[in-house]
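So the sequence lines, in the order shown, correspond to chains A, B and C. Numbering follows our numbering, in which position 19 of the first sequence is assigned residue number 19; successive positions increment by one, without gaps. Numbering follows our numbering, in which position 16 of the second sequence is assigned residue number 16; successive positions increment by one, without gaps. Numbering follows our numbering, in which position 16 of the third sequence is assigned residue number 16; successive positions increment by one, without gaps.
No lab work stands behind these hints: they were computed from the structure. Every value quoted in this text rests on a predicted model; they were computed, and no experiment measured them. A few of these clues could be false.
The list treats identical chains as interchangeable, and a pair is accepted whether it falls inside one copy or across any two copies.
[To be verified] Below 20 Å or equal to it, Euclidean Cα-Cα: the simulated EDC-like pairs (lysine to aspartate or glutamate) are:
no.	residue 1	residue 2
1	K82	E23
2	K17	D45
3	K82	D107
4	K10	E96
5	K10	D45
6	K82	E30
7	K17	E96
8	K82	E96
Single-letter residue listing:
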Amino acid sequence: MPIYQCVTSKTLSPETKAAIASEFTRIHVESTGAPEPFVNIVFGDLPLGSHYLAGAVRENGTLINAIVRAGRTLETRQALLKSLSAAWSRLTGQPERNLVLRIEEADAATIMEAGLIMPRPGEEAAWLVANRAALGEMKTAA
Amino acid sequence: MPIYQCVTSKTLSPETKAAIASEFTRIHVESTGAPEPFVNIVFGDLPLGSHYLAGAVRENGTLINAIVRAGRTLETRQALLKSLSAAWSRLTGQPERNLVLRIEEADAATIMEAGLIMPRPGEEAAWLVANRAALGEMKTAA
Amino acid sequence: MPIYQCVTSKTLSPETKAAIASEFTRIHVESTGAPEPFVNIVFGDLPLGSHYLAGAVRENGTLINAIVRAGRTLETRQALLKSLSAAWSRLTGQPERNLVLRIEEADAATIMEAGLIMPRPGEEAAWLVANRAALGEMKTAA
Chain A
1 MPIYQCVTSK TLSPETKAAI ASEFTRIHVE STGAPEPFVN IVFGDLPLGS
51 HYLAGAVREN GTLINAIVRA GRTLETRQAL LKSLSAAWSR LTGQPERNLV
101 LRIEEADAAT IMEAGLIMPR PGEEAAWLVA NRAALGEMKT AA
Chain B
1 MPIYQCVTSK TLSPETKAAI ASEFTRIHVE STGAPEPFVN IVFGDLPLGS
51 HYLAGAVREN GTLINAIVRA GRTLETRQAL LKSLSAAWSR LTGQPERNLV
101 LRIEEADAAT IMEAGLIMPR PGEEAAWLVA NRAALGEMKT AA
Chain C
1 MPIYQCVTSK TLSPETKAAI ASEFTRIHVE STGAPEPFVN IVFGDLPLGS
51 HYLAGAVREN GTLINAIVRA GRTLETRQAL LKSLSAAWSR LTGQPERNLV
101 LRIEEADAAT IMEAGLIMPR PGEEAAWLVA NRAALGEMKT AA
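Required output: the full structure, derived from the provided sequences and hints.
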């Protein structure tokens, strides 16, 4: 976690996906203080005819769902939304008016990565040290 | 928001998708009083062999997840489920016994559309007026 | 419900999918006591270049989201996570370090299957008897 799920009607080049992934990861780490090695970004397609808005086909829309560990302030989550929306628009050329973004909170106690129950926000440093062996090849330096 | 995510093993024609989108949009607006321009419907496929039920391949199933802003009564949400289930069955010919539907509530304070934090249910009218300029080309008349 | 959504970069044979579906279904029923006929498993792809971790393309990752009815103890949900993670790794050969799993709780009162509002955990037996006619062809014996 987090998982940023981005589904879009826009055809994105590998370079644009890489730029979005890099920028979303940077924004997440800066906004929340979470360690970078756990930031997932996933891209999916909205083929023409698969997305409707107000009952009509939407040809140029993007839906972003950000699943993050629960426990950040509302202020942090809203700042995250603003940064993500602006970054997506800047990197893809899609106007912000075409975007829908949501932050979904997930209880760290029911998330498992690398076979380990995740720590709550703020408890990462001790968790990384305690689980260094299990995390193994993962880059554990934030 | 809302986002109605419909994934199905059934091959739907563009006409059927349009009919479902239109009907789900109508049901949402009538049930909740939300403004029509924000109602998203997304269709996805469940190719044969990608869906299992009770450990066996399910050849004729549909999963619908409705992400709506939090704050409606349980009565409203259950009425919404009943209307959606009946409408899908009527428009696709799939029996209701093949459907799984869920309503997932999302906090409006962590949803962003058109670069704006969304209002809570019931606060839309003032929000639409206050943000007319930013909403721009969106059809803001419910 | 539940719905186990498994998206993976790994190409899975029909036999492996069937084995995962069978094992996840068994684990769910044993861990929660829920009736087998309602256990959904869905597989999706993460094509190369659609998944990034820490800003770089992830070539060998799996994301599993388990939507289950709310009301089980944290102990039950964590035991479920451990069993699922180990089973996926054993059946696919993917190391657990490549997996992200989450359990998401959904309120049974806003889930509809076979046209019926679902019962809360523990209330299934009475619900199955009361709705035998509506459930019809579904296998209602757990």
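Evaluation of the provided hints:
Taking the shortest alpha-carbon separations for K82 and E23, only the intra-copy value of 13 Å comes in at or below 20 Å, while the best inter-copy value is 32 Å. In this assembly of identical chains, K17 and D45 lie within 20 Å of each other by CA distance both inside one copy and across copies; the values are 12 Å within and 17 Å between. Proximity of K82 to D107 under the C-alpha cut-off of 20 Å is restricted to the inter-copy arrangement: shortest distance 16 Å between copies versus 23 Å within a copy. With identical chains, the CA atoms of K10 and E96 are at most 20 Å apart within one copy only, with a shortest distance of 13 Å there and 33 Å across copies.
Within a single copy, K10 and D45 get their C-alpha atoms as close as 8 Å, and across copies as close as 19 Å, so both meet the 20 Å cut-off. For the homomeric pair K82 and E30, the shortest alpha-carbon distance inside one copy (13 Å) is at most 20 Å, but the shortest distance between copies (31 Å) is not. Proximity of K17 and E96 under a CA criterion of 20 Å is satisfied intra-copy only: 17 Å inside one chain copy versus 26 Å between copies. For the homomeric pair K82 and E96, the shortest alpha-carbon distance inside one copy (10 Å) is at most 20 Å, but the shortest distance between copies (34 Å) is not.
Violated hints are absent here; each numbered hint is respected by the structure.
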